[in-house]
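Given chain A, work out where chain B should sit, using these hints.
Number of protein chains: 2
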Amino acid sequence: MDFLLNCAPFSAKMALIVQKYGGTSVGSLDRMRNVAARLKRTRDEGNQVVAVVSAMSGVTDGLLKMAHELTPTPSERELDVLVSTGEQQSIALVAIALESIGVEAASITGRQAGIFTTGSHTRGRILDIDPTLMNQLLAEDKTLVVAGFQGVTPSGMIHTLGRGGSDLTAIAIASAIKADVCQILTDVDGVYTCDPRIVPNARKLPEISYDEMLEMASSGSKVMQSRSVEFAKKYGVIFEVRSSLNNNPGTLVLEEHPAMENVVIRGISIERSQARVTVIGIPDAPGMSGRILGALADAEINLDMIISNIASDGFARHSFTMHSNDLGKAQAALKPVLAELGSGAKVETESGIAKLSAVGIGMRSHSGVAATMFKALGDAGINIGMISTSEIKIAVTVDERHIEEAARAVHDAFKLDQEPVA
Amino acid sequence: MDFLLNCAPFSAKMALIVQKYGGTSVGSLDRMRNVAARLKRTRDEGNQVVAVVSAMSGVTDGLLKMAHELTPTPSERELDVLVSTGEQQSIALVAIALESIGVEAASITGRQAGIFTTGSHTRGRILDIDPTLMNQLLAEDKTLVVAGFQGVTPSGMIHTLGRGGSDLTAIAIASAIKADVCQILTDVDGVYTCDPRIVPNARKLPEISYDEMLEMASSGSKVMQSRSVEFAKKYGVIFEVRSSLNNNPGTLVLEEHPAMENVVIRGISIERSQARVTVIGIPDAPGMSGRILGALADAEINLDMIISNIASDGFARHSFTMHSNDLGKAQAALKPVLAELGSGAKVETESGIAKLSAVGIGMRSHSGVAATMFKALGDAGINIGMISTSEIKIAVTVDERHIEEAARAVHDAFKLDQEPVA
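Chains as they are written, first to last, in the working numbering: chain A, 111 to 532; chain B, 111 to 532.
Please note: incorrect hints may appear among the correct ones.
[Claimed, not checked] Calculated lysine-lysine pairs in the DSSO-like style (CA-CA distance at most 27 angstroms, straight line): (1) B:K485 x B:K445; (2) A:K175 x B:K332; (3) B:K343 x B:K288; (4) B:K252 x B:K150; (5) A:K252 x B:K252; (6) A:K175 x B:K175; (7) B:K252 x A:K175.
These aren't lab readings, by the way, just hints derived from the structure by calculation.
Bound conformation, chain A alone:
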C-alpha cells in the first residue's frame, strides 16, 4: 500500500495539487470567495495549487441563448469563441478574489495553459499540453487559476471541450505539470457503492479503479464523463472526487492494485428510461447484423446492450437497449432495413425498462457473482429481462418500476454497506 500513502492528499509536504471547481462552486462572487479561501487553506498547509474553474453557472446558458436568438443554427466555431469567455471571466475573478486575501495569483486561459486541441468545434479533444508558462509561474510560487473546458488548435482557433470538459482540463493539466494529486471538487462527497438517494445505506468508497469508474460512468453513475476517466487512465493521473462543500476525504480513482481484487463488487449503478428494440426473423446470412447496426449508427442512436442469438426457427434475432427518447428514431431507421430482410422480419419494442449494473474488478477472480445477483433479484420477485456482461460488470434490465428495489436487493446481497474485510 506504499502507493496509496504516496498519493494521499495533504500527507506530503509541498505537494503540487490541482483542484477543479465546477460552475456551481464559482456561481457567485460569494462562492468565488469561498473557493479562494479554500485554495488559500490548501496553500497554507504547505502545498502549491493550480485551480481549474468552470464558467459561473448560468453564464454559458445565457451566452448560448443570445446566439440562438440571432439564429437557430449558430456556427460552432463562433459558439466556441462566445462561450469560452465564461471561463475566462471566472479565472480573472477567482484570481482577484485570491489576491484580495493576500495570495499571489495568476489567471491562465486555455491558450496560455498551452492546451492544444484537435477535433470539432464545441467538442475538441486534447492533443497536447505545453506547460511552459504554468511551470514558469509555479516557479514564481504563484497560485494558478486555469480556465477549464477550453483550448486552441495548433493554428490558434478556440475550441471548447464539450461536456465534462473542465474535469478533462484538470486531469490533463495534472499530468502535464506532474501534479502530486488532482482533486475534482463537486457537489457529491465522492463515489458511492450506489446512489444514496436510492440505497440509504450506500457507502462512500475510499478508492475505485479507473476501469470500475468507467463502467460506473457508462452505466448511469454521472459523477464524471467517461473520457476524463479514460484520459486519467491513459496518462496514469490519480484523481480524487471530493466535495467542494466540506473537507471530508473523497474517493481516489487510480490504477487497480492487487488488494482491490478482494472486493467482488465495488458498486452498483442504475440507468432509467431505457427501451429495448428487438429485430426478429433475420435470415441467418452474412452482413445482416452490419446492415441493422449500421442503420442505427447512421441515425446517431447510442446503443447500450446488444444481444443476438439464433431462434429455433433458424432465423436470428437481435436485441438492443437505448434511451427511450431514441425509440421513435430507431423504428424509423429500421423500417427500410426490414424490407430488405424479407417478409418474416419484424421489430418488437419495449419501453419502461431500466438497467442495473454491478461493477467490480474482483469479479475476475471470484466465481458465483452472477448467481448471487440473480438469486437476490429472484428472491425479491423481480424479473430479469436482458443480461449482458463484461469482464468486470454484470448488467441486467428490469421493469423500471422495480429498479430501486432491485438496487437495494443487490446492494444487500453483496453486503456493500459494510467495509470489506482486508
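For chain B alone, kept in the frame of chain A given last:
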C-alpha cells in the same frame, strides 16, 4: 486632388474597408443585426470588410463592477483578462449575426489578429501587428469581425489598450492589412467646425489634417483620443469619422495637402471646467521652474497651458491651467515647494474659466489671425485671460459663463459656417 479621389469610400471597386463600431452600435442583439446588415451592404457594393467591434455597452462596466466588489484594488493584469471577454463576446455574436444573413464571417480576437502590445496592463500600446491569419481569411473572402481594445504581449499575456482602444485597433489593422479606407463609425456625423449644440450653424468638415485633429482632440473636442490620431499620422492611415446611424459621408482625417492651407481656421474647440494656478514671487534662479513643474507632475496633474514671465519686481511668475477637479491637489502639491521658494512666494488660484481654441494649418501662412480672434472677442465684450499659441492653434481662456458666446463670436469672425472658397 488625386489623393482624395483615390481614398473616397465606395468609389473604388473591391476596396478593402475597415469599419469600427463602438459599444453603443453593438449594444443589443438588434443593433448587432443592424451592424451585420450594414456590413453586408458594404460587401454587396463590391468591397471586402473587416469590422472592429467594442464590447456591448454596459458589459465592460458590469465586469468591472464585479471585480471591484471582490476588492477595491483588483490587479490590472486580471482586469485585462476579465474585460477583454466583452469584446470577445461581441465578435462572436456579430459573426453569428452575419452568418445568419448569409455572409461568411470569422471572429478574430486581439491575439488572433496578431496585435502585439507593450506597456502596462489596462493601457497597452500596440507594438506590432502580424496580420497572417487575417490575410489568410480575407483570401478566403471571409468578412472578419475583430475584437477592438485588446492585444497580447509577445509572451502571450492579455492587454487592453485603454480609452479609445477600439479606434486604435481599427487604425492599426487598416495599416497592417493595407486597407483602402478605415471608417470610424460613431454617434456623430463627422468632425464639425464647432460643437453644433453650441454653434448652431457649425458645418461638418469634409476633411481635416491629422495635426488639426490632434489639436482639436487635445482642446476638448472628444470625437477621438489623440493617440489613435497620432498612430494614424505615424503610419499614414487615412480614416473617416462618420455616423453609424446613416449613410452620410463623414470627415476624412488625413495628412495635410497644399489646398488645405487655404483655410485659415479649420475649427474651434472649447473646454470647460478649467482652473488657473499662478505661482508668484519666484526667485529668478535656475531650477525653480523645474521644482514647481516637478511637484505638479509627481501629483499626476495634467497641466494644459503653461505661461511664465518675469514681473517688474524681478521675480518670476508661472501660470498653469488644469481641470478644476485637480485644483485642490495642485495646491497641496505646491505647499512644500512654496516654503523652499522663500517668503515672497505665494499661490493664486482662479476657477470657473474655460478655454477656447481656434485650430487650422492655414494659420502658418496667414497673418492677422490672432488679431481677428481677439477683436471678435473684444467686440462681444469678452475678457481674455491667458493666451497660448502653437504653430496651428491659438488658445485663450475666458470666463466660463461666456464660453458659448465666445465660440459663436469667433466662429462668425472666421466665417466657419460658409464653405471655404477654393
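For the pair supplied as a hint, A:K252 and B:K252, is the alpha-carbon distance within the 27 angstroms limit? violated (41 angstroms)
Would the pair B:K252 and A:K175 pass a check requiring their Cα atoms to be no farther apart than 27 angstroms? Holds - the C-alpha atoms of A:K175 and B:K252 are around 25 angstroms apart, at most 27 angstroms.
Does the alpha-carbon distance linking B:K343 and B:K288 stay inside the 27 angstroms limit? holds (15 angstroms)
Are the Cα positions of A:K175 and B:K332 separated by 27 angstroms at most? violated (36 angstroms)
What's the verdict on B:K252 and B:K150, does the C-alpha distance respect the 27 angstroms limit or exceed it? holds (11 angstroms)
Check the hint pairing A:K175 with B:K175 against an upper bound of 27 angstroms on the C-alpha distance. Given that 27 angstroms is the threshold and the Cα spacing comes to 23 angstroms, the pair holds.
Take the C-alpha atoms of B:K485 and B:K445, compute the straight-line distance between them, and say whether it is at most 27 angstroms. violated (39 angstroms)
In the structure shown, a violation is registered for the earlier hints numbered 1, 2, 5, in ascending order.
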